[in-house]
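Place chain B on chain A using the hints.
These protein sequence lines are chains A and B, in that order.
Read in order, the letters of the first sequence correspond to residues 1 to 244 in the numbering used here.
Read in order, the letters of the second sequence correspond to residues 1 to 85 in the numbering used here.
Be careful, since some hints might not be right.
What the hints assert, rightly or not - Take a look, some chain B residues computed to stay more than 12 angstroms from chain A by CB distance:
| no. | residue |
| --- | --- |
| 1 | 5 |
| 2 | 6 |
| 3 | 9 |
| 4 | 10 |
| 5 | 19 |
| 6 | 23 |
| 7 | 35 |
| 8 | 36 |
| 9 | 59 |
| 10 | 61 |
| 11 | 62 |
| 12 | 63 |
| 13 | 65 |
Claimed, not checked - Mimicking DSS-like on lysine-lysine, the simulated pairs with C-alpha atoms at most 30 angstroms apart in a straight line are:
| no. | chain 1 | residue 1 | chain 2 | residue 2 |
| --- | --- | --- | --- | --- |
| 14 | A | 132 | B | 50 |
| 15 | B | 50 | A | 209 |
| 16 | A | 227 | A | 82 |
| 17 | A | 209 | A | 227 |
No lab work stands behind these hints, which were simulated from the structure alone.
Each residue gets a CB set at the ideal place from its N, CA and C atoms; glycine is no exception.
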Amino acid sequence: MIRVAAVGDVHAGLDSAGFLRPHLGHLRERADLLLLAGDLTRHGDPAEVAVLVDEVADVGVPVVAVLGNHDHHCDQPDGIRKELEAGGVTVLEGEATVVDVDGVRVGVAGSKGFGGGFAGACATDFGEPEMKAFITHTRCLADRLHGALASLDTDLRVALLHYSPVEDTLAGERLEIYPFLGSYLLAEAIDRAGADLVVHGHAHGGVEKGMTPGGIHVRNVAQPVIKHAYHVYCLGGPDGTACD
Amino acid sequence: MPEAEPQAYLAERIRTALAHDDRVAELGISVSVSAERVFLTGDVATPERKTAVAEVVTPLLEGRSLHNAVSVADLSEPEGGEEIP
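Pulled out of the complex, with its shape left as it was, chain A reads as follows (with noise of 0.2 angstroms):
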């Protein structure tokens, strides 16, 4: 059994040094890997980068990031990366990394992901140029998230995004905003190229729980929703090893 742990949305800023640190004191008896799903500072500033690498540091398991929304805000996505690979993190955007968890390969897809909406009521890249942009971004981001996952030979896939990929976890936010929230074509892209599990953030006002319509398990791990340091997730099936 693999443990995957996750969260998003913790929005690291120069005022939260030592704030996710003291919780993540038991990760490496818990979890097997850390996924952080976006939005990992306050407003992009790679100086709150620092404070974020400070947390996660020697936990012991290792660390999958995705950028957010907010993780852009400052116009220095790249420099927000290079902060956190020099501090040990693994950043993907439309790209995957293989952690090997005691023999088994754990194939991680991810990517920041992008708006839209959902089947039946979604943005379509048709008449001003800004909305052919607006979607065309979120369809290659999207074959990109397909072509990372297709090309894992792992024996479990987790694709990781900030964005939703479905609309149930969006249940509670305001019906106005969910083509801000995520796009039906990232659940398309991984329900095509198959996954274990799907984490994303992004979606405060959400729920925890959701699943493609191809049936593939989604969590919404933004922190106001899950409410604690991280949660953890266990794949591969019962092998006597307890995911607590």
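Quick look at chain B alone, frame taken from chain A:
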């Protein structure tokens, strides 16, 4: 004599201020405006950010009272894990 500004515009001005002020930078705070008060709900990561929310909104109240019911993140360790079938 000009009519008073619709409350919806003030609510959005407050939401925009909370998004753009670097001390807060939060999009998820719900703002409800009435003739007497401004009521805020949502989540922020730190106690300092909850204080900053009040500092950002106070100059925009136009005589209303502020009810800052924003919550600070609970980062306790989880009780247990979930087995994904």
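Next item on the list: Provide an ascending list of the numbers of those earlier hints which the structure does not satisfy.
Entry: Of the numbered hints given earlier, those the structure breaks are 5, 6 and 14, listed in rising order.
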